[in-house]
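A.B. asks: So you can see what is in the structure, the chains are spelled out below.
2 protein chains.
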Amino acid sequence: MTDARSLDAIINARSLAVVGASEKPMKFGSLFLRSQLEFGFKGKIYPVNPGEREIFGLPSYPSLSDLPEAPDLVYIAIPAHRALGVLEECASLGVKGVVILASGFREAGPEGMELERRALELSRRGGFRIIGPNCFGIYNPRSGLALLPGHDFSREEGPLAFISQSGGYAAHVGRLGKDLGLGFRAIVSYGNACDVDEADLLDYFGGDTGTSAVACYLEGTRDGRRLFRVLKDVASRKPVVIWKVGKTEASARAVASHTGSLAGSPWLWKGILRQCGVAESRGVEETCGILSIIQHLGPNPGKRILFVGGGGGLGTWAADLAGEVGLVLPALQPETEERLRALLGYPGAAVGNPLDMGTPAVRPELFWEILLAAAPDPGVEVVVFDMAVNFAYDLVGEGVREMASHLAEVAEATRKAFIAVLYNRATGPDDLERERLLRELRSFLHGKGIPTFTGMGEALNCLARANQFHRLPNASQGK
Amino acid sequence: MTDARSLDAIINARSLAVVGASEKPMKFGSLFLRSQLEFGFKGKIYPVNPGEREIFGLPSYPSLSDLPEAPDLVYIAIPAHRALGVLEECASLGVKGVVILASGFREAGPEGMELERRALELSRRGGFRIIGPNCFGIYNPRSGLALLPGHDFSREEGPLAFISQSGGYAAHVGRLGKDLGLGFRAIVSYGNACDVDEADLLDYFGGDTGTSAVACYLEGTRDGRRLFRVLKDVASRKPVVIWKVGKTEASARAVASHTGSLAGSPWLWKGILRQCGVAESRGVEETCGILSIIQHLGPNPGKRILFVGGGGGLGTWAADLAGEVGLVLPALQPETEERLRALLGYPGAAVGNPLDMGTPAVRPELFWEILLAAAPDPGVEVVVFDMAVNFAYDLVGEGVREMASHLAEVAEATRKAFIAVLYNRATGPDDLERERLLRELRSFLHGKGIPTFTGMGEALNCLARANQFHRLPNASQGK
Numbered sequence: 001m002t003d004a005r006s007l008d009a010i011i012n013a014r015s016l017a018v019v020g021a022s023e024k025p026m027k028f029g030s031l032f033l034r035s036q037l038e039f040g041f042k043g044k045i046y047p048v049n050p051g052e053r054e055i056f057g058l059p060s061y062p063s064l065s066d067l068p069e070a071p072d073l074v075y076i077a078i079p080a081h082r083a084l085g086v087l088e089e090c091a092s093l094g095v096k097g098v099v100i101l102a103s104g105f106r107e108a109g110p111e112g113m114e115l116e117r118r119a120l121e122l123s124r125r126g127g128f129r130i131i132g133p134n135c136f137g138i139y140n141p142r143s144g145l146a147l148l149p150g151h152d153f154s155r156e157e158g159p160l161a162f163i164s165q166s167g168g169y170a171a172h173v174g175r176l177g178k179d180l181g182l183g184f185r186a187i188v189s190y191g192n193a194c195d196v197d198e199a200d201l202l203d204y205f206g207g208d209t210g211t212s213a214v215a216c217y218l219e220g221t222r223d224g225r226r227l228f229r230v231l232k233d234v235a236s237r238k239p240v241v242i243w244k245v246g247k248t249e250a251s252a253r254a255v256a257s258h259t260g261s262l263a264g265s266p267w268l269w270k271g272i273l274r275q276c277g278v279a280e281s282r283g284v285e286e287t288c289g290i291l292s293i294i295q296h297l298g299p300n301p302g303k304r305i306l307f308v309g310g311g312g313g314l315g316t317w318a319a320d321l322a323g324e325v326g327l328v329l330p331a332l333q334p335e336t337e338e339r340l341r342a343l344l345g346y347p348g349a350a351v352g353n354p355l356d357m358g359t360p361a362v363r364p365e366l367f368w369e370i371l372l373a374a375a376p377d378p379g380v381e382v383v384v385f386d387m388a389v390n391f392a393y394d395l396v397g398e399g400v401r402e403m404a405s406h407l408a409e410v411a412e413a414t415r416k417a418f419i420a421v422l423y424n425r426a427t428g429p430d431d432l433e434r435e436r437l438l439r440e441l442r443s444f445l446h447g448k449g450i451p452t453f454t455g456m457g458e459a460l461n462c463l464a465r466a467n468q469f470h471r472l473p474n475a476s477q478g479k
Numbered sequence: 001m002t003d004a005r006s007l008d009a010i011i012n013a014r015s016l017a018v019v020g021a022s023e024k025p026m027k028f029g030s031l032f033l034r035s036q037l038e039f040g041f042k043g044k045i046y047p048v049n050p051g052e053r054e055i056f057g058l059p060s061y062p063s064l065s066d067l068p069e070a071p072d073l074v075y076i077a078i079p080a081h082r083a084l085g086v087l088e089e090c091a092s093l094g095v096k097g098v099v100i101l102a103s104g105f106r107e108a109g110p111e112g113m114e115l116e117r118r119a120l121e122l123s124r125r126g127g128f129r130i131i132g133p134n135c136f137g138i139y140n141p142r143s144g145l146a147l148l149p150g151h152d153f154s155r156e157e158g159p160l161a162f163i164s165q166s167g168g169y170a171a172h173v174g175r176l177g178k179d180l181g182l183g184f185r186a187i188v189s190y191g192n193a194c195d196v197d198e199a200d201l202l203d204y205f206g207g208d209t210g211t212s213a214v215a216c217y218l219e220g221t222r223d224g225r226r227l228f229r230v231l232k233d234v235a236s237r238k239p240v241v242i243w244k245v246g247k248t249e250a251s252a253r254a255v256a257s258h259t260g261s262l263a264g265s266p267w268l269w270k271g272i273l274r275q276c277g278v279a280e281s282r283g284v285e286e287t288c289g290i291l292s293i294i295q296h297l298g299p300n301p302g303k304r305i306l307f308v309g310g311g312g313g314l315g316t317w318a319a320d321l322a323g324e325v326g327l328v329l330p331a332l333q334p335e336t337e338e339r340l341r342a343l344l345g346y347p348g349a350a351v352g353n354p355l356d357m358g359t360p361a362v363r364p365e366l367f368w369e370i371l372l373a374a375a376p377d378p379g380v381e382v383v384v385f386d387m388a389v390n391f392a393y394d395l396v397g398e399g400v401r402e403m404a405s406h407l408a409e410v411a412e413a414t415r416k417a418f419i420a421v422l423y424n425r426a427t428g429p430d431d432l433e434r435e436r437l438l439r440e441l442r443s444f445l446h447g448k449g450i451p452t453f454t455g456m457g458e459a460l461n462c463l464a465r466a467n468q469f470h471r472l473p474n475a476s477q478g479k
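From first to last, the protein sequence lines stand for chains A and B.
Heads up, the first sequence is in the numbering used here, so the first residue is 1 and it goes up one at a time.
Heads up, the second sequence is in the numbering used here, so the first residue is 1 and it goes up one at a time.
Don't take every hint at face value.
[Unchecked claim] The list that follows gives simulated cross-link-like pairs (lysine-lysine, BS3-like), each with its CA atoms no further than 30 Å apart:
| id | chain 1 | residue 1 | chain 2 | residue 2 |
| --- | --- | --- | --- | --- |
| 1 | A | Lys-27 | A | Lys-42 |
| 2 | B | Lys-303 | A | Lys-270 |
| 3 | B | Lys-232 | B | Lys-303 |
| 4 | A | Lys-448 | A | Lys-270 |
| 5 | A | Lys-303 | A | Lys-270 |
| 6 | A | Lys-238 | A | Lys-270 |
| 7 | B | Lys-270 | A | Lys-303 |
| 8 | B | Lys-27 | B | Lys-44 |
| 9 | B | Lys-270 | A | Lys-270 |
[Claimed, not checked] Residues of chain A clear of chain B, computed beta-carbon distances all greater than 12 Å:
| id | residue |
| --- | --- |
| 10 | Glu-249 |
| 11 | Ala-256 |
| 12 | Pro-266 |
| 13 | Leu-321 |
| 14 | Glu-409 |
It is worth saying that the hints were derived from the structure and are not from the lab.
Positions of the beta carbon are idealized from the N, C-alpha and C atoms, including for glycine.
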């Protein structure tokens with residue numbers, strides 16, 4: 001059974017010891033410690049290494065028993081076969097939690113499995129919980145706790161939780177999420193789940209009032225019934241996004257050698273996720289994209305989109321992609337079309353949905369008028385705007401910044417959900433200035449609550465998936 | 001019937017007149033002319049505008065009849081309703097071809113359709129062919145002929161042809177293709193196809209010895225039987241990639257208002273493309289990605305991949321994605337596994353397929369040894385290497401450049417097909433130096449004949465599609 005308090009003490013730990021701390025490059029104990037120092041953990045850090053007196057300027061202790069206090073959290077950054085001795089110390093000291101970073105446990109065969117069994121025994125005896133083994137730790141911007149590779153994560157707090165059986169993807173989602181404007185409550189890499197597992201963590205973040213949505217990268221589970229119960233429960237209160245891997249023979253094989261999990265039937269999983277009202281993700285970008293829509297627009301923003309772009313091909317493609325994922329481009333109301341005809345009378349433009357401005361960029365004032373005429377259409381739930389920034393820049397120069405401002409203004413004024421698809425078709429080493437402009441536009445829009453994507457397919461696909469929370473109300477109902 | 005010579009004279013034109021030439025920003029006649037001047041057309045350019053004496057430093061002529069010679073190609077950059085008068089002049093002067101840039105024809109309704117009918121009549125009478133109307137022209141790096149927005153396209157010639165009913169996508173594919181190392185024979189934006197249509201162009205590039213593969217963005221056709229015959233014929237000799245849009249009610253509506261085409265049943269199209277042995281694309285990135293694999297690795301490089309990455313999650317995801325698109329990760333030969341076990345004995349690494357190096361980057365010499373041990377496995381046709389450049393850089397710094405060099409060396413030494421998936425999870429305005437590194441790596445690899453992608457899903461999907469040329473032999477058979 002989950003004990004929310006025990007996980008709370010781990011995730012919000014105020015002191016931590018690092019067993020196996022080191023300054024040697026490429027060592028877990030060095031990489032992990034550097035992450036904490038660069039990211040800026042706000043509590044106490046105690047490096048433990050009998051062979052050192054000082055590590056990165058901090059005094060090093062010979063053993064856990066030599067610390068001035070029992071730390072909330074002990075990170076074990078030494079190889080698997082030496083972990084049990086440390087856990088015995090933890091049991092006698094009364095620490096609250098342990099994170100085992102090393103691999104070499106269940107996923108490595110029978111000996112590793114026996115190590116995990118004994119680790120779990122010690123945790124029960126000592127009354128502490130274990131995260132891992134074979135994981136990258138915890139990211140918590142409030143306390144400044146960093147993942148193993150996480151020195152450059154966002155320092156801003158937010159409402160999203162991500163839990164991941166893969167340490168790598170904990171890092172990928174955290175780092176990519178930063179530049180999508182995602183704000184995290186926490187990211188927990190939980191690896192082999194010898195003790196704390198996906199159901200414990202889902203349950204914990206499901207009950208945490210600071211968390212408004214939870215996503216999870218999942219390789220397998222050891223208690224499907226319990227996970228099903230927890231998913232159903234949490235998904236009736238907040239959006240849950242699950243990325244379940246291991247769908248093929250080769251990937252199931254990879255799952256076993258990665259975290260020692262059983263992948264299970266992909267069809268069974270698909271059915272369970274649907275039944276629970278959980279959105280299914282299929283990758284890092286998709287997970288971040290769905291979370292970005294949830295954070296900025298709320299769950300279930302709607303399926304009826306208005307597509308606005310410059311070029312006839314663009315709209316045609318958008319309509320194709322929308323159809324593939326079950327989104328709809330409704331015909332506009334006659335009044336909307338009339339307002340637009342007064343603005344889009346010039347050659348190349350086409351009034352309708354998709355709405356074709358004719359060129360990748362128009363005069364910013366005209367853009368503002370077009371948006372203001374189109375967005376309020378009562379049949380439209382989400383406005384999707386597409387712009388190839390390099391071509392737009394060639395036409396209106398810095399005017400693209402004004403276009404972005406107008407987009408944000410109209411989104412605010414009309415209280416409609418907006419999504420911006422912004423990309424460069426110029427991607428060479430010499431085109432970095434255009435890339436800088438694109439990134440500044442994206443960052444600006446995130447600050448205004450507008451999610452951005454760099455591909456139309458990604459945007460529409462993530463929007464469709466962010467509409468799958470059938471146990472939750474629609475975002476627009478709250479407006 | 002297609003007359004290859006007449007298209008040849010247009011695509012390789014050595015002199016061109018621009019009717020409606022102008023210096024006014026945002027005008028077709030100005031944008032087009034600037035493209036030619038910046039890109040550097042090698043033949044003669046004659047601006048035609050009775051109201052000007054000089055345009056961008058070139059003497060302007062009052063009318064076509066005032067030119068010192070009959071130009072090979074006349075670009076009509078004035079509005080639709082004034083185009084017929086110019087075509088009458090063309091008919092009497094004996095020009096070889098005309099490109100009509102303006103929209104306002106078939107796609108605009110019955111009047112526009114009548115304009116097209118009369119334009120076609122004049123072309124028959126004058127013995128010239130028309131490209132367009134409603135198009136962006138022709139890109140030909142040999143002669144320096146540029147698309148309407150195409151001043152910064154690649155100046156290097158290559159073996160690929162792209163023909164596009166959308167002017168915008170002619171520009172998108174050309175510009176994106178440049179930075180993927182694609183070399184084009186030509187790109188033709190053919191718009192409404194009042195005269196020269198997709199079948200003419202496919203047939204032309206099918207017979208052109210300088211063209212080794214043809215891709216096409218298609219909204220609809222007016223002669224399905226002829227197109228079917230041409231596709232079948234060309235696809236038995238060289239790879240053909242078709243991106244057919246208009247699959248939903250909304251996109252069929254968009255197709256009609258864009259180029260006045262009938263989209264036709266998506267299922268019928270799917271069947272026809274399969275039967276012809278044509279690869280089906282679904283977007284700009286996909287079209288460029290498939291072309292990149294064809295250009296660098298040849299058609300049908302193989303379905304049996306070895307996935308190499310750093311992180312257990314990565315390989316699991318890759319195996320899932322591969323399974324979705326019908327690629328296979330075969331188990332490695334015992335000899336290969338033995339060689340690898342000697343190198344990958346450290347914690348976190350896993351010998352097998354997917355092959356997990358444990359971290360996003362390893363020492364470059366070790367990387368070289370791993371590749372050299374794994375790539376020759378006789379069951380493997382394509383090696384797919386994945387690296388998050390930002391994380392790799394954090395670990396080995398400039399060592400990532402050496403890793404890229406080793407990748408190219410091993411590809412050359414083993415004569416195996418390699419694909420590199422390189423991306424950054426750091427995508428903010430402050431992370432441009434890492435973006436520069438990524439782009440330099442990509443550019444380097446393209447030069448070594450290794451296609452690169454920025455997403456694993458894209459890479460595997462494009463590889464699967466580049467294996468659909470069932471009327472052509474496998475790439476590996478030639479080695």
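A.B. asks: Which numbered hints does this structure break?
C.D. replies: 4, 10, 11, 12 and 13
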